[in-house]
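Chemist: Protein chains in written order, with my numbering: chain A, 827 to 922; chain B, 5 to 250.
Check before you lean on any hint, since a few could be wrong.
[Said to hold, decoys possible] Chain B is nowhere near these chain A residues, computed Cβ spacing over 12 Å in every case:
| id | residue |
| --- | --- |
| 1 | G850 |
| 2 | L873 |
| 3 | A875 |
| 4 | L916 |
[Unchecked claim] Which bits of chain B does chain A cover? Going by a derived footprint, with three or more residues having C-beta under 8 Å, they are:
| id | region |
| --- | --- |
| 5 | 13 to 19 |
| 6 | 101 to 109 |
[As the list claims (entries may be wrong)] Label-pair ranges, simulated between beta-carbon atoms:
| id | chain 1 | residue 1 | chain 2 | residue 2 | range |
| --- | --- | --- | --- | --- | --- |
| 7 | A | R911 | B | V231 | 29 to 35 Å |
| 8 | A | S917 | B | S202 | 53 to 59 Å |
| 9 | B | T20 | A | G866 | 32 to 38 Å |
| 10 | B | G221 | A | S917 | 47 to 53 Å |
| 11 | A | P921 | B | G221 | 32 to 38 Å |
| 12 | A | L914 | B | P120 | 43 to 49 Å |
| 13 | B | V204 | A | V908 | 37 to 43 Å |
| 14 | B | G234 | A | M853 | 35 to 41 Å |
| 15 | A | R911 | B | A29 | 31 to 37 Å |
No lab work stands behind these hints: they were computed from the structure. All of these numbers come straight from a predicted model, not from anything done at the bench. Ideal placement from N, C-alpha and C gives every residue a C-beta, glycine not left out.
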Amino acid sequence: MSTTNAGAEDAPWVDGNALAGPLGEIMGADFTVAELTCAGCRTTRPLAAMRVFDRAPGLVARCPHCEHVVMRVVRTTGRFLVDLRGSLVLSLPVPQ
Amino acid sequence: MARAAVPGRLTWQAATVAATRAETATARTLVLDVDGWTGHVPGQHVDVRLTAPDGYTAYRSYSISSAPGPDWLEVTVQAVTDGEVSPYLVDVAEPGDQLEIRGPLGGWFVRRPADPRPALLIGGGSGVAPLMSMVRAAMNPTRLLYSTRSPSDALFTSDLATARAAGDGLVAVTHVYTRVAPPGWPAPPRRLDADALSRVAWPRDADAVAFVCGPTGFVETVADLLVDIGHDPANIRTERFGPTGG
Ligand SMILES: Cc1cc2nc3c(=O)[nH]c(=O)nc-3n(C[C@H](O)[C@H](O)[C@H](O)COP(=O)(O)OP(=O)(O)OC[C@H]3O[C@@H](n4cnc5c(N)ncnc54)[C@H](O)[C@@H]3O)c2cc1C
Ligand SMILES: [Zn+2]
Chain A
827 MSTTNAGAED APWVDGNALA GPLGEIMGAD FTVAELTCAG CRTTRPLAAM
877 RVFDRAPGLV ARCPHCEHVV MRVVRTTGRF LVDLRGSLVL SLPVPQ
Chain B
5 MARAAVPGRL TWQAATVAAT RAETATARTL VLDVDGWTGH VPGQHVDVRL
55 TAPDGYTAYR SYSISSAPGP DWLEVTVQAV TDGEVSPYLV DVAEPGDQLE
105 IRGPLGGWFV RRPADPRPAL LIGGGSGVAP LMSMVRAAMN PTRLLYSTRS
155 PSDALFTSDL ATARAAGDGL VAVTHVYTRV APPGWPAPPR RLDADALSRV
205 AWPRDADAVA FVCGPTGFVE TVADLLVDIG HDPANIRTER FGPTGG
């Protein structure tokens, strides 16, 4: 699942926008425009604006305001696991 | 998104390298032919996947740098020393080669050409790639501020000059050089600062949107500076390429 083979200390994250591909494959929709309410600080923003750490294990999205983990995506043999315990609400636009 | 018409999950599809164009000594544009490609919204990216003969695969994200259109797209890649994927795309891939892509991806870092709000686009290094797509498709006032180490590191030099000349004042382009400036350049090389940003920023009441893209450190700095000079944080969209800048 990792999108880099890397290991630098300097600002090693990208934007949640980079999850569009992996989540599109798992969920079949663009989840980067979904809004998540952080369970740590209760602020709400699109997944695209969260910080994503893609250097394994799995993909981890953190709130840029308080650094709480809001979403984690892990692949096991045969299954994708999407852990949302760090978010209070996930809201998606109704398809047009 | 274009593929939403197909029910089910997003999948990888074959893309053929139709042509390549050198942008600088270490960056190039790849023209990719994709059957059934229906276009994209400027700002979107694709994931590109390579498969080794032994079956090992690796994928990376690349912004689409061409204007929206059917059946083909362009990505522009900066080679990262010791990188797994980018040196292959810059130095090895040839016309006729096949890759896999999935996309177009991402509905947030996008500028719909019909959006009437003026835009300030700020790119660092290869971060200009998705902004180039926005410039090529621009139908509304667009200002691009492009920061590179030196003139020879700048991508799309002639395409930007063409867009500026053709747009009838719609597109303005300002270069900032951080290490080496061209001969006779009015300012010494320096990092992008609040002063340089204030000079290209739209007035506060213009309801402008800002798109910032480049290495993660560059995007952090610029997004903070924009807020410092009074830009509404709700109208700032960012795309971080990672620590290397890609
Ligand atoms: C949404 C998105 C769009 C992008 N668009 C473009 C584009 O248009 N053009 C472009 O050239 N690039 C783009 N990139 C960057 C690109 O995806 C790759 O990261 C880049 O090409 C490097 O890949 P690589 O396999 O060559 O290097 P890797 O093998 O991934 O890394 C090489 C070296 O770089 C450093 N490094 C890289 N990533 C990390 C990391 N996450 N953490 C720590 N160290 C790291 C390490 O030192 C590593 O040894 C984009 C990235 C994203 C997320
Ligand atoms: Zn939070």
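Chemist: Would you mind marking each hint as holding or not holding in the structure?
Modeler: Each hint tested on the structure:
The beta carbon of G850 of chain A sits about 4 Å from the closest Cβ of chain B, which is not more than 12 Å, so the claim that it is off the interface is violated. At the 12 Å boundary, the C-beta of L873 of chain A falls inside the reach of chain B, the nearest C-beta of that chain being 8 Å off. The beta carbon of A875 of chain A sits about 7 Å from the closest Cβ of chain B, which is not more than 12 Å, so the claim that it is off the interface is violated. For L916 of chain A, the condition that its CB be more than 12 Å from all CB atoms of chain B holds, with the nearest at approximately 15 Å.
Counting residues of the region 13 to 19 of chain B whose beta carbon lies closer than 8 Å to any beta carbon of chain A gives 3, which reaches the threshold of three, so the coverage claim holds. Requiring three or more residues with a Cβ within less than 8 Å of a Cβ of chain A, the coverage given for the region 101 to 109 of chain B holds, as 3 such residues are present. Distance hint for R911 of chain A and V231 of chain B: a CB-CB separation of about 31 Å, consistent with the stated range 29 to 35 Å. In this structure the hint that S917 of chain A and S202 of chain B lie 53 to 59 Å apart at CB is violated, the actual value being about 36 Å.
Taking 32 to 38 Å as the suggested C-beta distance range, the pair T20 of chain B and G866 of chain A does not conform, at roughly 46 Å. Restraint check, G221 of chain B to S917 of chain A: a C-beta distance of roughly 31 Å breaks the suggested window 47 to 53 Å. Separation of P921 of chain A from G221 of chain B is about 37 Å and conforms to the stated range, judged on CB atoms against 32 to 38 Å. For the hinted restraint 43 to 49 Å between L914 of chain A and P120 of chain B, the CB-CB distance of approximately 35 Å leaves it violated.
The hinted range of 37 to 43 Å is satisfied by V204 of chain B and V908 of chain A, whose Cβ atoms lie roughly 41 Å apart. Roughly 38 Å separates the CB atoms of G234 of chain B and M853 of chain A, a value that falls within the hinted 35 to 41 Å. Judged by the Cβ atoms, the range 31 to 37 Å given for R911 of chain A and A29 of chain B is violated: they are separated by roughly 48 Å.
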